Amino acid sequence: MKKKKQEYELLATEIIDLVGGEENINRVIHCVTRLRFYLKDDTVPDKEKIEQVDGVMGVAVAGGQFQVVVGQAVDDIYAEVMAQLSPATEEEPESANENLSLLGKVKRAMNQLIGIITGAMMPIISILAASGIIKSLLAVLTTTGLVAAEGSIYLMINAMADAVFYFLPVLIGFNAAKRIDGNPILTAVIGGVIIHPTVIEAANNGLNILSLGSFDFPFVSYTYSIFPMILAAWLVKKLERWLKTWVSMYIQAIFIPIVVIGVVSAVTFMLTGPVITWFSQGLAAGLQTLLSWNAPIFGAIIDGFYQILVIFGLHWGIIPIYVNDFATLGYSYLSAIVSMPIVAQGGAALAVAVKSRKPKVKELGYAGAISAFCGITEPAIYGINLRFRKPFICASIASAIGGFLTGVFRINMWSIIGSIIGLPSYIDPVNGITSNFWYAVLVTVVTLALSFGLTYVWGYNDAMEMQEKREKPKNPAKAHLLSK
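The numbering used here numbers the first residue of the sequence shown as 1 and each following residue consecutively.
Errors might be hidden in some of the hints.
As the list claims (entries may be wrong) - As a list, the in silico DSSO-like pairs of lysine-lysine whose alpha-carbon atoms are at most 27 Å apart:
hint	residue 1	residue 2
1	K178	K107
2	K105	K4
3	K105	K178
4	K5	K49
5	K5	K105
6	K49	K4
7	K107	K5
8	K49	K358
What the hints assert, rightly or not - Here are the simulated distance ranges between beta carbons:
hint	residue 1	residue 2	range
9	L271	K360	52 to 62 Å
10	V263	A449	31 to 41 Å
11	G286	K5	23 to 33 Å
12	P296	P218	34 to 44 Å
13	I421	K360	19 to 29 Å
14	A73	M270	44 to 54 Å
None of these hints come from the bench; they were simulated from the model.
Every value quoted in this text rests on a predicted model; they were computed, and no experiment measured them.
A virtual CB, placed ideally from N, CA and C, is assigned to each residue, including glycine.
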């Protein structure tokens, strides 16, 4: 364990040095496999040198972020990165916007919004996935009669499955506030206010907060909601900062929370909450309409190119859409569609591992396949498929066919996690195992078989040369650490 920690410490030091040092870093966040740097000057890092570092799988620049793919040890590596940076997280100065064109300002604002959504959701994505699977397995237990729907065991397991969804506004608000250097606790309280049981009861009964003429301000149920709390986090930060400029420090501790809770809760109840909730519902309905026009073609196009989005880290523009589906509808056809590329990438890596006689390639192939079957594709993509190119093409072809079949069978999903480990996500929480589940199993098997077969027959042979990393760049800081 100590050796691993030292390896991560050295890797963190090298990455920080190669992105331009601490003086070039505004902020760092991470997702499942990537360190995501917000840099002052993204022309400083040498991508080729960073890609050559042992422990780095790849580099992408997208969404205003310099993304370093380090795999599933990202939590530990991120901790080491943060330990080597100053405690204070610097915000980009407002003057950075002054010389930008209108289009540039809009682009910067969109990048910042995507960054906030990523920072708010990433810490709980795996928990959402686990909770969804628990909910699906509970449906199997009840439909098979192993657990009574009225019993105490059902009550406890259902609470385990529902807790993260019920308290999602609290969790999202807390994470969003941390991401923008706001007040996480105060924002979490706003989340608690809008999901208070009396508020939910009022929303379920169709009650209004007030009426102005013919216009009603209804209570809205905010459980499972995402976007209202992201805006609430921003409002809390701005209002609290403004109040601190004129409220006496002797009464700030009591006065500011009173005002912030009152004002932000009222604004969320009366204005931003209903508007954003209606927008979210419209987004979900629009997607359902698009799928109803031609789901097979829609699925084939998305899946054929989805892993290209993953390479550039742009899939985070799609993730909030299907998370919004779960929040507003309780299920997502889009999530079912984008699950198939994960299976295909794993199938391609597995074919390379099976066919190759080279120990190193076998090791990388099996590791990438297992990771993909558990829902994470980067080790398969960067470790094998992209480095030989043809396996990635084979996986993309199989993905497109898998997406087409998913649309043909109108396969639905009730949890956010995909691939083979996510097969329980296709179980209907109300009706248990239905034809939807068996269609999902069928398409998963077909996608896996196609990807494996194409790669085995055409996509790989041992005569191919893997794109090897060149000599690792020397780093004086690393030598210093090794001497400790």
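We went through each hint and held it up to the structure:
no.: 1; hint: K178 - K107; result: holds (23 Å)
no.: 2; hint: K105 - K4; result: violated (42 Å)
no.: 3; hint: K105 - K178; result: holds (23 Å)
no.: 4; hint: K5 - K49; result: holds (23 Å)
no.: 5; hint: K5 - K105; result: violated (41 Å)
no.: 6; hint: K49 - K4; result: holds (22 Å)
no.: 7; hint: K107 - K5; result: violated (38 Å)
no.: 8; hint: K49 - K358; result: holds (26 Å)
no.: 9; hint: L271 - K360: 52 to 62 Å; result: holds (59 Å)
no.: 10; hint: V263 - A449: 31 to 41 Å; result: violated (58 Å)
no.: 11; hint: G286 - K5: 23 to 33 Å; result: violated (48 Å)
no.: 12; hint: P296 - P218: 34 to 44 Å; result: holds (38 Å)
no.: 13; hint: I421 - K360: 19 to 29 Å; result: holds (26 Å)
no.: 14; hint: A73 - M270: 44 to 54 Å; result: holds (46 Å)
When held up to the earlier numbered hints, the structure conflicts with 2, 5, 7, 10, 11 and fits the remainder.
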